[in-house]
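Colleague: Listed here are the chains, written in short residue letters.
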Amino acid sequence: MASTAVAVGGALRQGRVRAFFLRWRSGDEVAHLLTLIFASTIILLTVLLVFELYRNSALARDKYGWQFLFTSTWDPVFEKFGALPFIFGTVVTSALGLLVAVPLGVGAAIFLAELAPPRISDALSFVIELLAAVPSVIYGLLAMFTLVPLLRNVVQPFLKKTLGFLPFFQGPNYGVGLLAAGLILAIMIVPFIISISREVLLAVPVEQREAALALGATRWESTWKVVVPFARAGILGSIFLAMARALGETMAVTMVIGNDPKITSSLFAPGYSIAAVIANEFTEATSDLYISALIELGLVLFILTFILNGLARLLILATQRKGTAQP
Amino acid sequence: MNYRSVWRKSVNAVMFSLTGICALAVVSVLVFILGYLVWNGGRAINWDFFTKLPTPVGETGGGMANAIVGSAKLLLLAALVGVPVGFIGGVYLAEFGGKTFSFLVRYTTDLLNGVPSIVMGIFAYTMIVLPLQHFSTLAGGLALGVMMIPIAVRSTEEFLRAVPQSLREGALALGASRWKAVATVVIPAAFRGILTGIMLALARVAGETAPLLFTSFNNRFWSHGWDQPTASLPVMIFTYAIAPYDDWHRQAWAAGLVLLGLVLLANITARVVLGRKLSSAAG
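Protein chains in written order, with numbering that gives the first Met the number 0: chain A, 0 to 326; chain B, 0 to 282.
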């Protein structure tokens with residue numbers, strides 16, 4: 000009995016080896032191997048990217064350690080590098096952007112996925128896809144010549160007059176600054192929130208809506224009390240994705256943030272973001288330590304977006320699973 | 000009871016219009032961008048823009064011919080890096096992939112897609128600019144090429160998966176080996192979609208500025224060969240926009256109009272070619 004099992008096993012293995020060579024001769028194994036190599040290149044490139052960021056920031060990491068993240072002096076002349084003002088600027092502008100973009104984006108996504116007639120919804124969704132394709136330097140160009148003057152001449156004087164008692168709306172008014180950067184970020188990330196949230200909402204099973212409507216709910220009630228809670232995790236995911244984008248957004252922010260590494264409570268004040276300082280100072284950096292500090296900033300940015308993207312993917316996946324798991 | 004149903008219906012109507020206003024507000028941003036660019040760029044654009052080199056500060060006129068050629072060269076390099084890896088990687092995921100490794104590849108692709116463009120610039124800088132000790136078209140092309148990969152992989156995989164299983168089975172039943180079935184039946188069936196996906200990927204990197212700032216840098220003159228710094232449209236827009244000269248601003252508007260026109264044209268063509276499939280591929 001045991002010997003027959005061995006014999007059968009041997010024959011099987013022999014068969015498998017022969018099949019392998021057959022497939023090799025017919026080209027299947029070659030094709031498999033070739034495509035595998037290219038697919039592995041993607042992983043290799045990503046690993047290489049992380050490694051290069053890590054390796055080339057060694058100088059700054061060794062010199063400053065964790066203090067790099069908590070020091071607020073940035074003085075290239077005396078080679079004192081602290082990332083805090085940039086982290087502050089990045090976080091504040093992204094938060095501002097989300098504050099405006101989330102209600103707007105989720106509202107529009109609800110309209111497009113649930114309430115609008117399909118033809119209107121399709122046309123509008125296409126326009127929103129186009130918006131997502133507009134290069135960021137063009138957003139920056141427009142913001143410099145339209146948004147900034149508007150803020151300087153109309154919006155910020157008005158805010159100062161009405162809400163000037165709050166620390167956010169005090170101080171000199173240049174037009175460029177944290178508020179301008181936050182607003183342009185909001186405009187840029189709205190399309191992402193809309194298109195992903197809409198997809199997540201559309202993945203909610205139709206039965207959920209029908210059941211709510213059959214119980215006598217209005218369209219809005221079925222949307223707000225049934226569909227949106229069902230898709231909550233996915234919508235949260237779309238917000239995280241948008242946030243990751245906002246953190247890494249470079250050109251438009253660089254053009255309107257004012258480029259001044261200070262930490263202030265006023266939203267009118269010029270600030271600086273991680274991506275903007277890399278964009279502006281990389282080619283001017285003369286010493287190795289300077290370059291290394293800028294690359295370490297890049298590493299910080301990479302890690303931030305990495306965490307947010309990972310969370311977002313998990314959340315979106317969870318919602319889509321939940322949608323398809325329904326009978 | 001009547002009062003309650005009136006209340007509920009009016010909440011319904013109010014929220015309907017509120018969310019509608021949100022959608023309209025977002026859409027009107029595009030109308031504004033287009034209108035403003037066409038208005039400002041249209042006045043600034045002329046034949047010189049496409050044929051002449053930039054003039055020195057203080058002289059009016061001139062164009063961005065070198066930046067247009069530079070952008071084309073960068074895109075060619077990007078395609079050389081991004082298309083093979085993206086396309087064949089996508090074929091692997093759709094046709095040959097196992098479970099665990101495919102998951103890993105897909106996850107890394109998403110990760111790569113989320114890498115901020117400025118970080119991609121640093122990567123190309125450390126890979127090419129540092130060893131060569133000077134800025135070059137090559138480095139810019141590499142940065143853009145790596146950025147293309149995730150989009151190309153994802154769209155290739157998606158369009159290959161959309162090919163009906165029966166086509167594969169038919170080819171295999173006729174005695175074709177697996178790779179022959181893929182190469183002669185499945186890929187041709189999905190070809191239009193894959194090509195459009197690659198075009199969209201190119202359109203996306205065409206507007207990228209941040210990865211070029213310290214890789215291909217900028218150049219006031221023609222860039223000969225591949226190892227010299229080169230001008231490109233997005234970087235020119237940035238440089239000209241932040242400069243204090245009115246004439247340069249006009250040129251920036253013209254360049255913005257040309258760039259946006261190309262990007263939108265690619266996206267609209269994709270939409271027309273693919274019909275409604277696009278929305279799923281873009282996400």
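Calculated directly from the structure, the hints in this document are not laboratory data. Some hints here could point you the wrong way.
Computed far set for chain B versus chain A, every beta-carbon distance over 12 Å [to be verified]: (1) 14; (2) 22; (3) 44; (4) 100; (5) 101; (6) 187; (7) 199; (8) 220; (9) 223; (10) 246.
In silico contact screen, one side only, chain A against chain B (beta carbon under 7 Å); selected entries [what the hints assert, rightly or not]: (11) 26; (12) 45; (13) 123; (14) 143; (15) 152; (16) 202; (17) 219; (18) 247; (19) 282; (20) 301.
Keep in mind it's a predicted model, so treat the numbers as computed, not measured. Glycine included, each C-beta is placed from N, C-alpha and C at the ideal position.
Colleague: None of the hints should be skipped; say for each whether it holds.
Modeller: Results for each hint:
1. At roughly 5 Å from the closest C-beta of chain A, the C-beta of residue 14(B) falls inside 12 Å, breaking its exclusion from the interface.
2. Non-interface call for residue 22(B) relative to chain A: violated, since the shortest CB-CB distance, roughly 4 Å, does not exceed 12 Å.
3. Against the 12 Å criterion, residue 44(B) stays outside the reach of chain A, whose nearest CB is about 15 Å from its own CB.
4. Look at residue 100(B): its CB is around 8 Å from the nearest CB on chain A, not clear of 12 Å, so calling it non-interface is violated.
5. For residue 101(B), the condition that its CB be more than 12 Å from all CB atoms of chain A is violated, with the nearest at approximately 8 Å.
6. The beta carbon of residue 187(B) is kept farther than 12 Å from every beta carbon of chain A, the shortest such distance being approximately 16 Å.
7. Listed as outside the interface, residue 199(B) is inconsistent with that label: its C-beta sits roughly 8 Å from the nearest C-beta of chain A, within the 12 Å cut-off.
8. The beta carbon of residue 220(B) sits about 18 Å from the closest Cβ of chain A, which is more than 12 Å, so the claim that it is off the interface holds.
9. Residue 223(B), annotated as away from the interface, keeps every beta carbon of chain A farther than 12 Å; the closest lies near 21 Å.
10. Listed as a non-interface residue, residue 246(B) keeps its Cβ farther than 12 Å from every Cβ of chain A; the least gap is roughly 15 Å.
11. Hint status for residue 26(A) relative to chain B: holds, with the closest Cβ pair at about 5 Å, below 7 Å.
12. The restraint placing residue 45(A) at the interface with chain B holds, with a minimum CB-CB distance near 5 Å, inside the 7 Å limit.
13. For residue 123(A), the interface hint holds, since its Cβ comes within 7 Å of a Cβ in chain B; the closest pair sits about 6 Å apart.
14. The interface hint given for residue 143(A) holds, since its Cβ lies 6 Å from the closest Cβ of chain B, which is under the 7 Å cut-off.
15. Annotation: interface hint on residue 152(A) violated; nearest CB of chain B at approximately 17 Å, more than 7 Å.
16. With a cut of 7 Å, the hint placing residue 202(A) at the interface with chain B is violated, because the nearest CB-to-CB distance is about 11 Å.
17. The interface hint given for residue 219(A) is met, as the beta carbon of that residue sits about 4 Å from the closest beta carbon of chain B, less than 7 Å.
18. About 3 Å separates the beta-carbon of residue 247(A) from the nearest beta-carbon of chain B, less than 7 Å, and the hint is met.
19. With a cut of 7 Å, the hint placing residue 282(A) at the interface with chain B holds, because the nearest CB-to-CB distance is about 5 Å.
20. Restraint check, residue 301(A) versus chain B: the minimum CB separation of about 5 Å is within 7 Å; hint holds.
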